[in-house]
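Chemist: From first to last, the protein sequence lines are chains H and B.
Under my numbering, residues 1 to 224 are what the first sequence spells out, in order.
Under my numbering, residues 225 to 423 are what the second sequence spells out, in order.
For the record, the hints were derived by calculation from the structure and aren't laboratory data.
All C-beta atoms in this analysis are idealised placements derived from N, C-alpha and C, irrespective of residue type, glycine included.
Check the hints yourself; a few may be wrong.
[Stated by the list, open to error] What follows is a set of in silico ranges between Cβ atoms, one per label pair, in the way DEER data are often shown:
no.	chain 1	residue 1	chain 2	residue 2	range
1	B	His255	H	Leu122	28 to 34 Å
2	H	Leu122	B	Ala308	46 to 52 Å
3	B	Ile231	H	Tyr222	33 to 39 Å
4	H	Glu97	B	Asp387	34 to 40 Å
5	B	Leu238	H	Arg87	32 to 38 Å
6	H	Glu97	B	Glu359	55 to 61 Å
7	H	Leu16	B	Arg397	26 to 32 Å
8	H	Ala83	B	His255	50 to 56 Å
9	B	Asp387	H	Gly158	34 to 40 Å
10	H	Glu113	B	Asp398	45 to 51 Å
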Amino acid sequence: MKRALQIGFYGLLGTLVVAALAFKIFQPVQVVPRIRLSPGFALVTQDGGRITNEDLRGKFVVFNFTYTNCEAPCGYMDNTILAIQSRLDEINLGDIELLFVTISFDPKTDTPEKLKAYADSLGADPDQWIFATTEDQVLLKAIIGAGFEAYYNQNEDGTFTFDPKFVLVDGWGIVRGEYRYQTQVPDTDRILRHIQVLSDEVQNSTGSASLAYEAAHYFLCYTP
Amino acid sequence: MSKTTRIIFIAGILVGIVLVAAWGLPKLRPHAFYGTLLQSPDKAPEFSLDSVLGELSLEDFRGQIVMLYFGYTFCPDVCPATLAEVSGAMKLLGKKAEDVQVIMISVDPLRDSVEELDEYVSHFYPSFLGVTGSEEEIASLATLYGVFYEKHEGTEATGYLIDHTATVMVIDRDGHLKLIFPFGAPAAEIAEDIAYLLK
Chain H
1 MKRALQIGFY GLLGTLVVAA LAFKIFQPVQ VVPRIRLSPG FALVTQDGGR
51 ITNEDLRGKF VVFNFTYTNC EAPCGYMDNT ILAIQSRLDE INLGDIELLF
101 VTISFDPKTD TPEKLKAYAD SLGADPDQWI FATTEDQVLL KAIIGAGFEA
151 YYNQNEDGTF TFDPKFVLVD GWGIVRGEYR YQTQVPDTDR ILRHIQVLSD
201 EVQNSTGSAS LAYEAAHYFL CYTP
Chain B
225 MSKTTRIIFI AGILVGIVLV AAWGLPKLRP HAFYGTLLQS PDKAPEFSLD
275 SVLGELSLED FRGQIVMLYF GYTFCPDVCP ATLAEVSGAM KLLGKKAEDV
325 QVIMISVDPL RDSVEELDEY VSHFYPSFLG VTGSEEEIAS LATLYGVFYE
375 KHEGTEATGY LIDHTATVMV IDRDGHLKLI FPFGAPAAEI AEDIAYLLK
């Protein structure tokens, strides 16, 4: 009896150690990292309405930053969003709403009317793809430049030099992914995969499963 | 090696394994944070704002855990409720609370003087600090911390009110934003997470 208890105890101990090591090595649960807080903002949309970061709580949002007079690489960025939208049936979002928010850093030119015309030219669904900006240039720089860490600067000829970047933000307002133009893996594939991983975490991270997800964050089990 | 020596040797090894496991297993088990854990490689946004002690920056508190909250002294309900929970957490931490600094950043710089802020926050806990700055400084800083706020009409007695994000942000000893507590996080949960970060 005593020996059976001993074997049971050491067996359990060994299993726990092996399980912890296996979790770290094999990463059965993967997550996208919680990188930092996304910035707070209040912006004017293409319909002349207002959108704030608080309105986006509970939703997944893919942000990008551009101006409507832009030529390359803006076409690539718009096409990436259109491609993601056309492939949303490949992923399971459950009841989670996914939005796209394009913020213009050229508010002098990009009035709500101009943004609306631009959105219409792309065939953007206004319920899913919002175009927005603010006339407060200082705050705009704080939101895009410092908050989303996307560089932009206006050149003498009126064009902009900027960082063509997508940012994935979760329902808690936390940045979960950053994607730059011309990486080795196509942005569309990577963003879709990360949205799925995030969706799995939100939908499955309840009860004891939440411990596995938190362990995945703790052990830095990040999906590539 | 005699039989007795062999038994003692094996028993010693087994005791060693148990001791190592007892020491190591809790370290393998991650602490289940109540707040949302962030693993940002960047330092939390820096600031330099006015307080009753003079100008304070986040860097002044390196080596301490900082709990940051955006609120204002005219706030009728959300701020007192949150500061009361944070105060409760400080009391639960006991002596460990000496390594924790709570700072409230005013989103109402027009009305909140440093003296009023100090009187307000110290009502909740003696070591709490209140800081303020220009409207532009506060707006930029709030943006960086994901905090949205805006004025709206109040009553004649309260004057205008300010809707604002009511999260409590925890910055670790090295200056990294580590945890976020939503509005309504209870004192016991805050205290447990902070106690773990203080280890």
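Chemist: All the hints need checking, so say for each whether the structure fits it.
Modeler: Comparing the hints with the structure gives:
1. Judged by the Cβ atoms, the range 28 to 34 Å given for His255(B) and Leu122(H) is violated: they are separated by roughly 46 Å.
2. The hinted window of 46 to 52 Å between Leu122(H) and Ala308(B) holds, with their beta carbons roughly 49 Å apart.
3. Checked against the hint of 33 to 39 Å, the C-beta distance between Ile231(B) and Tyr222(H) comes to roughly 48 Å, which is inconsistent with it.
4. Against the hinted window of 34 to 40 Å, the Cβ-Cβ separation of Glu97(H) and Asp387(B) comes to about 22 Å, which falls outside the hint.
5. The beta-carbon spacing between Leu238(B) and Arg87(H), approximately 57 Å, falls outside the hinted interval of 32 to 38 Å.
6. A beta carbon spacing of about 33 Å between Glu97(H) and Glu359(B) contradicts the range 55 to 61 Å that was offered as a hint.
7. Checked against the given bound of 26 to 32 Å, the beta carbons of Leu16(H) and Arg397(B), roughly 30 Å apart, stay inside it.
8. The given range of 50 to 56 Å is broken by Ala83(H) and His255(B), whose C-beta atoms sit roughly 40 Å from each other.
9. At roughly 37 Å, the beta-carbon separation of Asp387(B) and Gly158(H) lies within the given 34 to 40 Å, and the hint holds.
10. For Glu113(H) and Asp398(B), the Cβ-Cβ distance of about 48 Å falls inside the hinted range of 45 to 51 Å, so the restraint holds.
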